[in-house]
Structure formats: structure tokens, C-alpha cells
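*Asks:* Here's the letter readout for the chains.
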Amino acid sequence: MENRNKVELHKISKVFLNGDSCEAAIEEVSLSVKENEFLVLLGPGECGKSVLLNIVAGLMEATSGEVYINGELCGGIHPEVGMVFQELGVLPWLTVRDNVALPEKFRGMSKKDRYAHGQEFIDLVGLHGFEKYYPHQLSGGMKQRVGIARAYASDSDILLMDEPFGKLDAQTRYSMQDEILKIWNQNKKTVIFVTNNIEEAVYLGDRIILFTAAPMSVRRIYDLKDLPRPRNYTDEKFLQIRGEINRHMDLVIQ
Amino acid sequence: MKQRLQITRYQILLNILPILSIVLFAGLWILVSSGEGHIIPSPGEVYDRAVRLFEKPINHVSLGGHIWASMKRVLNGLVFACLTGIPLGLLMGWSKTANSLLKPLFDLIRPIPALAWIPLMTLWFGIGESSKIALIYLGTLMPVLVNTYAGVKMIPQLNIDVARVFGASQLQIVKDIVMPSALSAIMAGIKTAVGTGWIVVLAAEMISADTGLGFMIIRGSNVADLALVIFAMLIIGLVGAFLSVLLTFAERKLCSWKIEIK
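Taken in order, these protein sequences are the chains called A and B. Residue numbering for the first sequence is 1 to 254, as defined by our numbering. Residue numbering for the second sequence is 255 to 516, as defined by our numbering.
If we strip away everything but chain A, and leave its shape as in the complex, we get (with noise of 0.2 angstroms):
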């Protein structure tokens, strides 16, 4: 089932009222996630890759165009999909364990039952012994692990991951990058990973869709699967492919 489409974009528009003008964020958006595959949206800065992400998790409406998931058009929330938020996604007042099992109390398990089902994977992304932990007092980096196995928890298929390292400082990046691609080995899920790092991308991704500034369109798709992990930031290939998108990215000056 390896070639399978989960996910299907035809021709996503995202128009933004602005006071009397409008702005026109997506243009005509296309394209498809092969299930189990790790898709990079590679962008830069406020192009509308977020804004493309809420679309397919159903949090926003598109303009016009369609969202298909296992083949079947949807038009909102999906319980196959699930969401890796930016820092803030984790809820200050519960405690690691609670808010990993917070998909499944949403669902209406039982207190131990969830805790239970969490538990797996508090314990695959690394936060053994820090389940009665609240946010606060963890750091940035283990903030993310926790909205990671969240996401795992919740036991949908495609999950999609808007910018979780964005506000990492380098090192931490570097480890969740390794981290992130181990627990896909483990348990493998279709994946949509948006980003404005172009080393991360080429790190992370089976294939990248490179993207134009707003009005956000496709500027150009790069299949990785032939360069095998783990890949090396420095390994003469892996240099070739990041000049080449380099060259290719619009320069936003914000």
C-alpha cells in the first residue's frame, strides 16, 4: 500500500479579507502525500505554508479547492489527522502525562486507560519519569517531544508538523531532527513537516514541494528517496541538493 495517496490537494485558494481589499495568501495549491512518506513543505517566511497546514487539519476553511484524505473529500476535522503545534500547542496547566492524553480524554477513555495508552509514547520520544511534569518546568526541546507523542497518541495516521523546531535554539534542532526521524522509523506515519529551513528540509524529507512567497504556489518538487539516511549535512550530495534550492527560494526580507 506503500503508493497509496492519504492526502490529496486539488487546488487549494486562500483568499484573506483585509478591510476592503483582499489578499490572495494560496494560489492554486496541488498537490499529493504518498502514505508513510515524510513530505517537507519548504517555504519561506509568511509565504502561507501554516496557512495551508490548518487547511488540510480542517482548523481553516480554503477558498475554493478540495482536501482529500484515504481518497474521500473532506471538509473539516479528520480523526485520522493530528497536529504538532508550535511551542505554545502544549497546555500550560496539565502535566506532561495529561497533556499527551489529551486526545483520548476528547475521545472519552477513562482516566487509566488513557495514561496507559500515553505512557507508550511518553516513553518512545524520551520523557520517561517526567509524566506528572507540568510545561513550565521543562525546556524548549522537551516541550516538543511532549506535543510529539501527543500527536502519536492520538493514533491518526497523518500527522502534520507546523514548524515544531522553529523556536529551538541550533543544537536542540539538530538532536529533535534525529529524534523526529527515529520515532518515524519506529511507527510509521504519513507526515507533512512545513518549514522555512532549507537544511532541515533536506535532512528530514522524502520529498520536499519548494514554495513561492505569497501568493503561495509550487515552485518546484525534489524527490530525496535515493539519498539514503541518515544523511550527512555535510556530505557532498546533500550540499548539492541544498545550493540548488538555495537558488531556487524567493528571498523574503521581512
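Keep in mind that the hints are not guaranteed to be accurate.
Unchecked claim - Now the in silico label distances, taken between C-beta atoms and shown as ranges:
hint: 1; chain 1: A; residue 1: N246; chain 2: B; residue 2: S423; range: 44 to 50 angstroms
hint: 2; chain 1: A; residue 1: Q171; chain 2: B; residue 2: K407; range: 35 to 41 angstroms
hint: 3; chain 1: A; residue 1: R247; chain 2: B; residue 2: P410; range: 46 to 52 angstroms
hint: 4; chain 1: A; residue 1: R219; chain 2: B; residue 2: A352; range: 43 to 49 angstroms
hint: 5; chain 1: A; residue 1: F16; chain 2: B; residue 2: A352; range: 46 to 52 angstroms
Unchecked claim - The calculated SDA-like cross-link candidates involving lysine to any residue, where the alpha carbons are at most 25 angstroms apart (straight line), are:
hint: 6; chain 1: A; residue 1: K105; chain 2: B; residue 2: F360
hint: 7; chain 1: B; residue 1: K350; chain 2: B; residue 2: F360
hint: 8; chain 1: A; residue 1: K112; chain 2: B; residue 2: G421
hint: 9; chain 1: A; residue 1: K111; chain 2: B; residue 2: P434
hint: 10; chain 1: A; residue 1: K132; chain 2: B; residue 2: Q426
hint: 11; chain 1: B; residue 1: K429; chain 2: A; residue 2: K34
hint: 12; chain 1: B; residue 1: K350; chain 2: B; residue 2: Q411
hint: 13; chain 1: A; residue 1: K132; chain 2: B; residue 2: D430
hint: 14; chain 1: B; residue 1: K507; chain 2: A; residue 2: H136
hint: 15; chain 1: B; residue 1: K350; chain 2: A; residue 2: G76
hint: 16; chain 1: B; residue 1: K507; chain 2: A; residue 2: D98
hint: 17; chain 1: B; residue 1: K429; chain 2: A; residue 2: D98
hint: 18; chain 1: A; residue 1: K34; chain 2: A; residue 2: N185
Stated by the list, open to error - Reference excerpt, derived from the structure (chain A facing chain B, CB under 8 angstroms, subset only):
hint: 19; residue: I77
hint: 20; residue: P79
hint: 21; residue: G82
hint: 22; residue: Y134
If you are wondering where the hints come from, they were derived from the structure by calculation, not from laboratory data. Think of the CB as a built atom: it goes at the ideal place given N, C-alpha and C, for glycine as much as any other residue.
Since chain A is already given, all that's left is putting chain B on it; use the hints.
*Replies:* Chain B alone, transformed into the frame defined by chain A:
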């Protein structure tokens, strides 16, 4: 080194100043209350009056009884204010329809001080307990409601999106995301409300009551017993400060995950 020494001296000074201000205040009080034809009873006279109060309670109700009478009225009004204000605030913060329907109404009523309702409340509820509690309700409802509303409005969209993505129903979002997010704002509202309620209860008791600290003040005033008036004022201040400390403690317990509460 010298710099550091100065900082410690400054800190010592900061610790001394509160004591100094109280001593100065007491000194000033003794000064204005001594001499011929003084207009205010001295600390000693107030103390003597307080002792006599224990021997011969006013209206056969002990001091504790009067304090409790006032507090019970505040508590009753506040409970009703929370029972209606918190759900209304949540509703107005959460639902745009409810907000545009109710907000103009509350914006109009909010600036009216609770004391302006006294004639209407007396007319409707008489001069007994219920009219006092209704007045306190009116005075405490707004702070609770407005703070709850603001608390809901300040919730980051991200927290709500987290719940939505993971399949929460509207009710679950309100219960598991909105309520805990708004809790510290609600607590701040209750704190303000207790302060307002304390003001309103004293005013209400001064108009008509046979128990309570406001009644003690009016009784003192009627029989020109200024020592009693001042003693009641001191108790009012102490109880108010105690309530504020108590609420800060409760807030810290309830929102222990929030580190910024001091």
C-alpha cells in the same frame, strides 16, 4: 564591593519602611487625639472601648457575630454573582451571538454603582436580608462577569486549535480549554468582587440593619461613640486585608501551574 554594600543597606531600608510608616501613623494619631477638645479618640480610648465591647456586646451580638453577619451577606451575594456571572461571561466570550445581544445591555448597566440601586432594591425586597444580598449581587456581578469575559477573550487561538484538531466537542473545549485558561482571570474578578462586595455591604448595613460592621459604625455615630466607630473601621480594614490574602492563596492553589503569580 561598595556598590553591593549599598544595595544591602537599601534592602534593609525597604524592610524598615513599612514598620516606620505604621509607627508614624500611630504617632500622628496620638498627637491629634491628645490635648484639649480633641476631635478624635486616642488609641487608648479605642482599646478601652474594644475591651468594653467584649463585656457588653452591641445588640447582644459578639464582635465575631457582627463580622460574620457582614461576611455572610457578602458571601451570599458573591455566590449568586459567580453562579450567574461566570456562565454569562463564558457565554459572552465564547459566542459572538450572545455577545452582541448582551454586551450593550451590560455596558449600559455596568457604570451604575450598586448603591444607586438602593431605592429600587428597598422597594422590591424591603429592608431585610434579601435586599442587602441583592445589592451585593449587583455590585459583585460585574467584576466577575467582565473578568470572565476578558479571560475567555484572551485565550490564545492555538490552545483552542489544539483541542479542535484532536476532536474535542464544543462542550469539551469550554470545559477543558476555556475554563482552565480563563481561571486566573476569573479569580482576579472574584478578588475585585470581594472588595466591591465589602464596600456595598457596609453601605447597606449603614442604611438599615441590626447586625454587621456597618451597623456598628452607625450605632457609634448615633450615640456619638467615636471610639466604637474607629474600632469598627479598623476591623473592616483588617477583615478586608485578610480576605485579600485568603483569595491570593486560593488563586495560587488553583493555578499552581502558573508561575507568574506572586
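*Asks:* Any hints this thing doesn't respect? Which numbers, in order?
*Replies:* Violated hints: 3, 5, 6, 11; rest satisfied.
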